[in-house]
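**Q** As they're listed, the protein sequences go chains A and B.
Its first residue numbered 1, the first sequence is counted upward by one per residue in the numbering used here.
Its first residue numbered 1, the second sequence is counted upward by one per residue in the numbering used here.
Any given hint might turn out to be false.
[To be verified] Sample of chain A residues facing chain B (criterion: CB under 8 Å; computed from the structure):
id	residue
1	Phe109
2	Arg132
3	Ala134
4	Glu138
5	Val139
6	Met208
7	Gln209
8	Thr237
9	Asn241
10	Gly250
[Unchecked claim] In silico lysine-lysine, DSSO-like type, Cα no more than 30 Å apart, as pairs:
id	chain 1	residue 1	chain 2	residue 2
11	A	Lys88	A	Lys225
12	A	Lys121	A	Lys78
13	B	Lys48	A	Lys234
14	B	Lys160	A	Lys234
15	A	Lys242	B	Lys13
16	A	Lys33	A	Lys18
17	B	Lys106	B	Lys13
18	A	Lys112	A	Lys63
19	A	Lys87	A	Lys33
20	A	Lys20	A	Lys33
21	B	Lys217	B	Lys160
22	B	Lys160	A	Lys242
23	B	Lys48	B	Lys139
24	A	Lys101	A	Lys63
25	A	Lys242	B	Lys48
26	A	Lys78	A	Lys18
27	B	Lys13	A	Lys234
28	B	Lys29	B	Lys18
29	A	Lys234	B	Lys147
30	A	Lys101	A	Lys78
31	B	Lys217	B	Lys105
32	A	Lys88	A	Lys67
33	A	Lys234	B	Lys106
34	B	Lys147	B	Lys106
Hints were generated in silico from the structure; no laboratory data involved.
We put the beta carbon where it would ideally sit given N, CA and C, even for glycine.
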Amino acid sequence: MIENHKIVVENLNLYYGKKKALNNVSIEIPSNKVTALIGPSGCGKSTFLRALNRMNDLIDGVKIEGKVLLDELDIYNKNIDVVELRKKVGMIFQKSNPFPKSIYENVAFGPKINGITDKKKLDEIVETSLLRSALWDEVKDDLNKNGLSLSGGQQQRLCIARALAVDPEILLMDEPASALDPISTTKVEDLIFELKKNYTIIIVTHNMQQAARVSDYTAFFYMGKLIEFGETNKIFTSPSNKQTEDYIRGRFG
Amino acid sequence: MQLHFSQEIENLKTSLIKMASIVDEQVDKVITSLNTGDVELCKGIKSKDIEIDRYDNLIQTQCENILALFHPVASDLRLVMSAIMINNNLERCGDIAVNISQRIKKAGNERSLISESQIIDMARIAQEMLKNSIDSFIKNDTELASKVITSDEKVDKLNKQIFNFLVSRMQSNNELIEACTHLVVMSRHIERMADHATNIAENLVFYVDAQIIAHRKKLERNGN
């Protein structure tokens, strides 16, 4: 069914102390596609998302078993450089969180940390990233304006530009449009559609219609387990599993 | 939200069942009239059809509201899609009952021609198909729906036989041309009614099994 896998997860178990948050999850996430993770609160979808760039490492008492292979390399291998990993795997959060700096500095921040000092090169990265995040036309004459002065929707696209600036391969999005108005939501959704040409995108959303609109594949999580994974049009028209059907029809969760 | 949605779906189903029972009644009247020669039974068929048309509009509005307000998915979406299609097919059956009643008024007294042509046999099968298709929808019974779909072939075959019979009668007796023409048209109407019953049954299978079975045979014959 799926030809190229960007991420292959094998028997992933994740514990917060004694609580098992992910239970034997195995999934193969396709390259250059949008995969939506859906499920009721506490089902493990955000935990799973964070496991893909080792964000859970920052939480005390987390224990992880199983494998997460990114391009066939296990990201939980001792020799993996987590900073390098997170360059490859960018993340966009529910609430936009630009730095209290200029628009330009927000986008140039990552490349600068990575050692790029050439002004011309930085200008180019800032422009390309803002173009790709569909914000360029709105801010090109105002790059020195503080990022926090932008609207909510613009701030979220600035955060996407910031994530793109370090040239990732994968974008993890945790409810990226849940705090946005319908117009900004449409812009972010259009952006996701455009970005999948160059990136593998994994998005957590509580909005069923958004999952249906933006994703190629959908994974339904329930109580830490991956219940069903498949093409989005199949999941939303005739899911194989009764729990999936009940959830997408709004029967529980 | 869930309660509200369930209520809307129940209202939609109720409208469809009410509409179906009027259609069933109308068809029963015209087929009985054809069978018995009692043309009086055809009176009021046309005026009653307005009730069916009202349900047609009501159901369309109900479906539109459900789609716009609740964004149903999976089996809920298939139910609304099927409801739109079934509504359309029922409305057409209502019109066909009117068309048949008009032909009966013109040629209903040609008793021997009617009985020899097998048109009554075909009408009984088509009526049974329509009844069963409605029942299959009410009971979510895919087996009954399959029975309806299988019967369509019998009707198609009879329609051809009736056509050939009526043409031969016209060739042998000029005076029968007008009556036979009415019966050819009537036969065609009955055949269309069976097609609509088949469509209803196919839509029920789509709703219950998530399978599109319409045109399957034709597509298979063409290698698709």
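**Q** Each hint should be assessed against the structure and marked as holding or not.
**A** Results of checking the hints against the structure:
Because the closest C-beta pair between A:Phe109 and chain B is about 39 Å apart, greater than 8 Å, the hint is violated. Checking A:Arg132 against chain B: minimum C-beta separation of about 30 Å lies over 8 Å; hint violated. Interface hint at A:Ala134: violated, since its Cβ lies 26 Å from the closest Cβ of chain B, which is beyond the 8 Å cut-off. The closest approach between the C-beta of A:Glu138 and any C-beta of chain B is roughly 30 Å, which is over the 8 Å cut-off, so the hint fails.
Interface hint at A:Val139: violated, since its Cβ lies 34 Å from the closest Cβ of chain B, which is beyond the 8 Å cut-off. The beta carbon of A:Met208 comes within 7 Å of a beta carbon in chain B, closer than 8 Å, and the hint placing it at the interface holds. For A:Gln209, the shortest C-beta to C-beta distance to chain B is roughly 6 Å, which falls under 8 Å, so the interface hint holds. Evaluation of the A:Thr237 hint against chain B yields a held restraint, the C-beta minimum of about 6 Å falling below 8 Å.
Look at A:Asn241: its Cβ only gets to about 11 Å from chain B, farther than 8 Å, so that hint breaks. Nearest Cβ of chain B to the Cβ of A:Gly250: about 6 Å, under the 8 Å cut. The hint holds. Taken as a hint, the A:Lys88 and A:Lys225 pair is honoured in the structure, with Cα atoms around 26 Å apart against an allowance of 30 Å. In summary, the hint linking A:Lys121 to A:Lys78 is not supported, as the alpha carbons are separated by about 34 Å, beyond the 30 Å threshold.
Taking the CA atoms of B:Lys48 and A:Lys234, the gap is about 42 Å. The hint is violated against a cut of 30 Å. Taking the CA atoms of B:Lys160 and A:Lys234, the gap is near 41 Å; set against the 30 Å cutoff, the hint is violated. Straight-line distance between C-alpha atoms of A:Lys242 and B:Lys13 comes to about 23 Å, which keeps the hinted pair within the 30 Å bound. The hinted pair formed by A:Lys33 and A:Lys18 fails the criterion: a straight-line CA distance of about 34 Å is larger than 30 Å.
Using a Cα cut-off of 30 Å, the hinted pair B:Lys106 and B:Lys13 is violated, with the two alpha carbons roughly 37 Å apart. At most 30 Å may separate the alpha-carbon atoms for a hinted pair to count; A:Lys112 and A:Lys63 exceed this at roughly 33 Å. For the hint linking A:Lys87 to A:Lys33, the alpha-carbon distance of about 19 Å falls within 30 Å, and the restraint holds. With a C-alpha separation of about 29 Å, the suggested pair A:Lys20 and A:Lys33 falls inside the 30 Å cut-off, and the hint holds.
A threshold of 30 Å between alpha carbons decides the hint, and for B:Lys217 with B:Lys160 the separation of about 19 Å falls inside it, so the pair holds. Restraint check: the Cα-Cα separation between B:Lys160 and A:Lys242 comes to about 46 Å, which exceeds 30 Å; the hinted pair is violated. Note on B:Lys48 and B:Lys139: the hinted pairing holds, with a Cα-Cα distance of about 26 Å set against a maximum of 30 Å. For the proposed pair A:Lys101 and A:Lys63, the alpha carbon gap of about 36 Å is over 30 Å, so the pair is violated.
Proximity of A:Lys242 to B:Lys48 is assessed by CA-CA distance (about 43 Å); at most 30 Å being required, the pair is judged violated. Restraint check for A:Lys78 and A:Lys18: the C-alpha separation of about 23 Å stays at or below 30 Å, so the hint holds. Our distance criterion of 30 Å between C-alpha atoms is met by B:Lys13 and A:Lys234, whose separation comes to about 25 Å. Proposed proximity of B:Lys29 and B:Lys18 is supported: the alpha carbons are some 17 Å apart, at most 30 Å.
Distance hint between A:Lys234 and B:Lys147 is fulfilled; the C-alpha atoms sit about 28 Å from each other, no more than 30 Å. With a C-alpha separation of about 35 Å, the suggested pair A:Lys101 and A:Lys78 falls outside the 30 Å cut-off, and the hint is violated. A C-alpha spacing of about 37 Å is found between B:Lys217 and B:Lys105, which places the hinted pair above 30 Å, so the restraint is violated. Annotation: proposed proximity of A:Lys88 to A:Lys67 holds, straight-line Cα distance about 18 Å (limit 30 Å).
Simply put, A:Lys234 and B:Lys106 have alpha-carbon atoms about 53 Å apart, too far for the 30 Å limit, and the pair is violated. For the proposed pair B:Lys147 and B:Lys106, the alpha carbon gap of about 33 Å is over 30 Å, so the pair is violated.
Of the hints listed earlier, those the structure fails to meet are numbers 1, 2, 3, 4, 5, 9, 12, 13, 14, 16, 17, 18, 22, 24, 25, 30, 31, 33, 34, in rising order.
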